[in-house]
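Trainee: From first to last, the protein sequence lines are chains E, G, V, C, Y and S. Residue numbers for the first sequence, in my numbering: 6 to 302. Residue numbers for the second sequence, in my numbering: 6 to 302. Residue numbers for the third sequence, in my numbering: 6 to 302. Residue numbers for the fourth sequence, in my numbering: 6 to 302. Residue numbers for the fifth sequence, in my numbering: 6 to 302. Residue numbers for the sixth sequence, in my numbering: 6 to 302.
Think of the hints as simulated: they come from the structure by calculation, not from any bench. Please note that a few of the clues may not be correct.
Repeated chains share a single entry, so a pair holds when one copy, or any two copies, can fit it.
[Said to hold, decoys possible] As a list, the in silico DSS-like pairs of lysine-lysine whose alpha-carbon atoms are at most 25 Å apart:
(1) K298 <-> K88
(2) K298 <-> K242
(3) K301 <-> K291
(4) K88 <-> K242
(5) K143 <-> K242
(6) K143 <-> K291
(7) K88 <-> K143
(8) K301 <-> K88
(9) K143 <-> K301
6 protein chains.
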Amino acid sequence: MIERLASPIASIVSSYDTYGLINHTSGNNLPSRESIQQILRDIQGLLFPGFGESELIDPENLHLKTAERVYRLAQALVAEIEKSLSFTCRTGTFSCDGSACREMAETITVEFFSALPEIRRLLSLDVEAAFQGDPAAKSIEEVIVAYPGLRAIATHRVAHFFWNRQVPLIPRIMSEIIHGETGIDIHPGATIGESFFIDHGTGVVIGETTVIGRNVKIYQGVTLGALSVDKSQGNTKRHPTIEDDVTIYAGATILGGETTIGEGCIIGGNVWLTESVPPHRVVYVKTGEHIIKPRKK
Amino acid sequence: MIERLASPIASIVSSYDTYGLINHTSGNNLPSRESIQQILRDIQGLLFPGFGESELIDPENLHLKTAERVYRLAQALVAEIEKSLSFTCRTGTFSCDGSACREMAETITVEFFSALPEIRRLLSLDVEAAFQGDPAAKSIEEVIVAYPGLRAIATHRVAHFFWNRQVPLIPRIMSEIIHGETGIDIHPGATIGESFFIDHGTGVVIGETTVIGRNVKIYQGVTLGALSVDKSQGNTKRHPTIEDDVTIYAGATILGGETTIGEGCIIGGNVWLTESVPPHRVVYVKTGEHIIKPRKK
Amino acid sequence: MIERLASPIASIVSSYDTYGLINHTSGNNLPSRESIQQILRDIQGLLFPGFGESELIDPENLHLKTAERVYRLAQALVAEIEKSLSFTCRTGTFSCDGSACREMAETITVEFFSALPEIRRLLSLDVEAAFQGDPAAKSIEEVIVAYPGLRAIATHRVAHFFWNRQVPLIPRIMSEIIHGETGIDIHPGATIGESFFIDHGTGVVIGETTVIGRNVKIYQGVTLGALSVDKSQGNTKRHPTIEDDVTIYAGATILGGETTIGEGCIIGGNVWLTESVPPHRVVYVKTGEHIIKPRKK
Amino acid sequence: MIERLASPIASIVSSYDTYGLINHTSGNNLPSRESIQQILRDIQGLLFPGFGESELIDPENLHLKTAERVYRLAQALVAEIEKSLSFTCRTGTFSCDGSACREMAETITVEFFSALPEIRRLLSLDVEAAFQGDPAAKSIEEVIVAYPGLRAIATHRVAHFFWNRQVPLIPRIMSEIIHGETGIDIHPGATIGESFFIDHGTGVVIGETTVIGRNVKIYQGVTLGALSVDKSQGNTKRHPTIEDDVTIYAGATILGGETTIGEGCIIGGNVWLTESVPPHRVVYVKTGEHIIKPRKK
Amino acid sequence: MIERLASPIASIVSSYDTYGLINHTSGNNLPSRESIQQILRDIQGLLFPGFGESELIDPENLHLKTAERVYRLAQALVAEIEKSLSFTCRTGTFSCDGSACREMAETITVEFFSALPEIRRLLSLDVEAAFQGDPAAKSIEEVIVAYPGLRAIATHRVAHFFWNRQVPLIPRIMSEIIHGETGIDIHPGATIGESFFIDHGTGVVIGETTVIGRNVKIYQGVTLGALSVDKSQGNTKRHPTIEDDVTIYAGATILGGETTIGEGCIIGGNVWLTESVPPHRVVYVKTGEHIIKPRKK
Amino acid sequence: MIERLASPIASIVSSYDTYGLINHTSGNNLPSRESIQQILRDIQGLLFPGFGESELIDPENLHLKTAERVYRLAQALVAEIEKSLSFTCRTGTFSCDGSACREMAETITVEFFSALPEIRRLLSLDVEAAFQGDPAAKSIEEVIVAYPGLRAIATHRVAHFFWNRQVPLIPRIMSEIIHGETGIDIHPGATIGESFFIDHGTGVVIGETTVIGRNVKIYQGVTLGALSVDKSQGNTKRHPTIEDDVTIYAGATILGGETTIGEGCIIGGNVWLTESVPPHRVVYVKTGEHIIKPRKK
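All chains, please: the whole structure from these sequences, using the hints.
Mentor: So, in structure tokens, the structure goes:
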């Protein structure tokens, strides 16, 4: 069999020349999905201390453990961010003076830790919103250990920080990791206000230029998407704006950069919207949309 | 960089006081997601012996292996259930005489193993239903190793047992683990009859007070949900009842605690129902709901 | 507690006789999900060299590493394929002269490596299609490290190879592994042309006998499914045909083996189709399908 | 480099024919060193419960944990012993009716667990002897967690059980594992009485046919060995007999199958003995064996 | 077989009552060997930064990595030391006001890190001594990565710190871990001066009350031991004193608490000493101690 | 406690400047002990195929597995050897044109694989010698799985290859790994002939310039060492020569570069030799070297 494999091996290696687009076999490393996954796990430990540990945490070792985590994370973040920045330096879509990548990685890392208390403030509001928003939620702890929507929004708030600092690749890898785990696909560019709650969540898509206000609640299968996908337009606002206190039920689709759902609206399940709705409206699918008849035997 | 991190660390630690809602830094441990995941894996080995093992199992070591698994699982279950019960003891939403948590954990664990043969009986009917229900299924073995719907219903039948014993947190953690893996979100409170089959499954949501009869088949994206989410109503029946021999096609949404889909109904894809349907009806979306016109060049 | 467990253990073991359908406790092993997962990871390394590694790859060790990977994969593939073939030999649904399983496993394995350059050619077109098709995509590298649709199509092209060689179980285990990770469910039997792009992807279902042309783009929640599921019909064409240059937006459902979406069509979001559409048409949901009214206070 | 490796690979593979003595590439498996290591670790947990665990053990879970350990160990032991017995069946140096290997493996395993209480009785005497025998020992617990001599004797008492049941290879693998960890080389054939203590231990060698009485204490570097090594003599008694209450100091060498150290003797450090010593004697190296003179500058 | 194991299990569990001396099944945990092993590995990283890492360390991440390591180690040390102190509190051989164990553990931990620079100073002298003392040593780096004597003395200097703080069990577990790895058994109580070098090292034993001066060099198999082992004498000085600039060759044995080897002495291989030697002497085994005669055919 | 650690951390970091000798915090990496350990494990699999695997190996997958192992090993060896060569390039004790390190690493690696059949030939003779030399050895397989002397000589023959190619550090790391596991310390520079057997082995030391002939057998505690250790002499022959067919019993010490033990000699236990012995002599310790007297009560 060894002999029969010799020729396929040679062909595979030669295909690395022929279809080189999908190789990454020279130049520096890219940030690694495994490292980003570990980083997200460590950040989650910083955000929700005491959940997910198997040992008791008391005030004293909380302090020590926090310091250790920050230092470990700092090393990992600096390394991965530096790889990301170097990647765009090389490919030229991002303006950074080559030698400055490391320094910029350190600055962004320090800023990230400085931003963590504010992220924690937002997340404690998100947790509260989930607990209030779901009659099936029995405790705050249940929300934290068993609601995928909360894990998705927590990851988004972290990824969005790095997106705002123009770190390439890493925010998208973060959003895809949590997309894979929860079925909730929030582009790291999306702007999301306080007290956001996603229930069930599978199939939710929130596009790059979406803007969401405060106290917004959305259900599984909701799409906040774009109408057209003309790449030449670049980064114009292609996704809708959702104002404060809006609820969007399962399966609703809201499309377009100029579509605004006004404050206090309720958007019913499966509704398909490509135009704005004024504040304080209820939008729902017309009844009688289906036919009922006896089943043939 | 060490110096620049000192202040963020202090702020993070101080945020553990300010936004304390999302810490779990005192009191006993909560049940751990990792342990529950391991428990589910071991239970799966008990339910479907010989699948997923890399060594041959013969009758003799099946017996030994079963005993070992039961004893290992028993320790893990008692430990996690005790943590769960203690958690509600502390927070006061569950009535258990503090010192009795351990004893109750043991009793529930023994009852769980006693219930396993009945769960296996139900699962063998579910497997049969999947094999009969999907023309693409080539063998019983394929159903067991490659149908996410089967893994979801198996996990549900286990989680439902603990839900019925009023074990907090654990059933929800179980349902979220399998939700993450399959995109199928069945609340552990849902009551599901014999010979249940979910095909494809991504996006399925089945709410806490849903009641499902025998020989029911549902497809991806089906929601059995609630109409209103007023937390103050408590645990009233908010989700529909599906009677025997009902088929619900992809993307259908059925809402409300008083909505009953009668025996033998077929609910078409994307149908949106908030009212009951009498037995033996076919419900489908009205044709001609869309417009076809030439594509502009 | 030991004593209280004795009787449940005996019942569980005896249930292995009573409900034997879901045991696999005699005969040879089945292919293991864990092994297939490892195989997919190794294949991904062969397809996209340099992504996902933590060390730099230069031309020289690329060659060595490729040879090592091929030899490791070859052993694993031969072992798992042999188990698969033996399984159907035993159950009799596949015609292979018992003693020939090993030899056939080797031949299929060698052919698979010979097919890898062509699979790489297809994937480089898929990557290009994704980059062109999504305005949010910032680089080719981002597509490879962060687009679940690409991972799904890559896995499909591999699984489809083994499906065509009539290897049982393995292709379906592969498609379910990636279904679990991405929410995209492509049956390994589906035929998919060049430059295929799935955006977001959660909830996509593509059935066994689907045929898809070139330059097709589909979004999350799209179903390409069957109308009827009468198992007795066997493997007739039950799923639609999608011709070249078709775009299908989120949530659209296209059903039936004789349903053909003609070249260059655009199928709008949430459209439900069970009949063919001629080429170069746009199909969309009729506007005014919903009601807007003021929200009650 | 790939090309330059082709010829060495071919030579290596062809050397598997030429020097076949040291291959094990056909026939059944041998017992695996890794499995035996895991078995020893589990046995140690049964012998000294509560040491080396990271969780508290209370009387209730001690019982459950013991049962689980016994069942896990039973499977592992039966599997490894069966491989051992089959090995000698095949090579013909051990008389076992081929098909009976499995049954014999089970019987020996059950007998081993039946023998564990007696082994525990012996070990509690050995622990006591170590604590009494070393003025540096501060507690019983220190002896158990930090005395290599105790780990060596515990492993020996286990290995000796299997030696007596004529299990091939396994007892020797056990003795070599602990030899590697402690530098103490006790052949599993050696017969050792109650209350045995080895201090420090590095370099101790105790041969196959050694017989040691009760309350014997030996120090590092002691050899109880053979005078001649004529393989043709077979398993005659080649190593000494040490009667009760003997102490042997560091570096002493006692050789020969007919050499008996009488009850109550003290053998001084570095003594070299090839003849018997009557009871209650002290043997020591003659003083004045070395020269002292000024050091040259 | 299940049935045949029931009775042995019951006997084993009942033996936990009968021979309770060697259980540790109630009360708090003991320090765990695995944790101490991990602690030693982390300390080694602090002592010899850049050795044993697989990534490059530059001045910047050295600082961050040091801080992280210190915080991680601090938590582990406090936890294990607290267990140790609690152990002696319970058994009463150590005078610590129960509630003060945690506080004392923290103080000792902080003091340990404060002592690390001094330990590093000593180790850099030990490394230099090894490099100078062995003509086979090709570089300083070789001494650090490949000399077991250096690993033993490094571990000893750490264990000795905790011994001086009267931490129970942990120093002995440390010394046994390195004894197992190197065959060098240095009791943590021994006092060892600057620039100490052990070559080869297997079989070296250095007792609890040994005192060693500066620039001492010893070879494999050297014992610095006690003459008598009367436990009732308690912790009197039982082991020798070795003054500055002494070399002791392989296999030499020096015994007794009042035995002093004077400054600058050279003790030859295999010499057996129980009395003091004045400074600047050479001691060696008398020549002609063996017989040479023709070999019999 | 965080505050109390700040100052120790600063001191530790500053000690990295003060005692820089034992840092390795700049420049390239050294070869890693963990990698070398893995390399040794893989080489052992190549040398003794089928031992230590848990799956059956048949002729077909032996070939595939061999190729995979060689390619994996080749990468690891090239990487570690390149680090080693670069290390001496930098420190200047080895003459290699900087840029040539990689190329030289590849050449040495290819030569190593070419040398493996000869190493296997030598090892099959060593195995045979062990089996013949120890009456306690029951089978060839026992020698391979349970004789530390064999593992030590196998590692030596590998390390010696790299020593001869002047690869720095790696041969010494290899010899120390096996020294730690077996207590047998063979310097990689030693020259050892065919059919070499070490029994028991703990405490054996064989120095860098030792030369050993064919059919030599040595026992535990034997030292083949140097008389003087004057570093300035450099790499002169400092260790003895042992001619063919010599046996050296336990604890014997033979010292000096001009000391030759003639063909066919037998050196008795504990003999101390610093001068040559002509061929065919027996050397043993004079009897009557110790005193026997009654023990005092």
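Trainee: For every hint, state whether the structure bears it out.
Mentor: Here is how each hint holds up against the structure:
For a Cα distance limit of 25 Å, the shortest separation of K298 from K88 qualifies neither inside one copy, at 62 Å, nor across copies, at 49 Å. For the homomeric pair K298 and K242, neither the shortest alpha-carbon distance inside one copy (45 Å) nor that between copies (28 Å) is at most 25 Å. When the C-alpha separation of K301 and K291 is checked against a cutoff of 25 Å, the pair qualifies only between copies, where the shortest distance is 18 Å, while the shortest distance within a copy is 27 Å. Taking the shortest Cα distances, K88 and K242 never come within 25 Å of each other, neither inside one copy (29 Å) nor across copies (49 Å).
Taking the shortest Cα distances, K143 and K242 sit within 25 Å of each other only across copies (16 Å), while inside one copy they are farther apart (39 Å). Taking identical chains as interchangeable, the C-alpha atoms of K143 and K291 are never at most 25 Å apart, the minima being 34 Å within one chain and 40 Å between chains. Taking identical chains as interchangeable, the C-alpha atoms of K88 and K143 lie at most 25 Å apart only when they sit on different chains, with a minimum of 16 Å there against 43 Å within one chain. Taking the shortest alpha-carbon separations for K301 and K88, neither the intra-copy value of 64 Å nor the inter-copy value of 44 Å comes in at or below 25 Å.
With identical chains, the CA atoms of K143 and K301 are never at most 25 Å apart, being 44 Å at best within one copy and 28 Å at best between copies.
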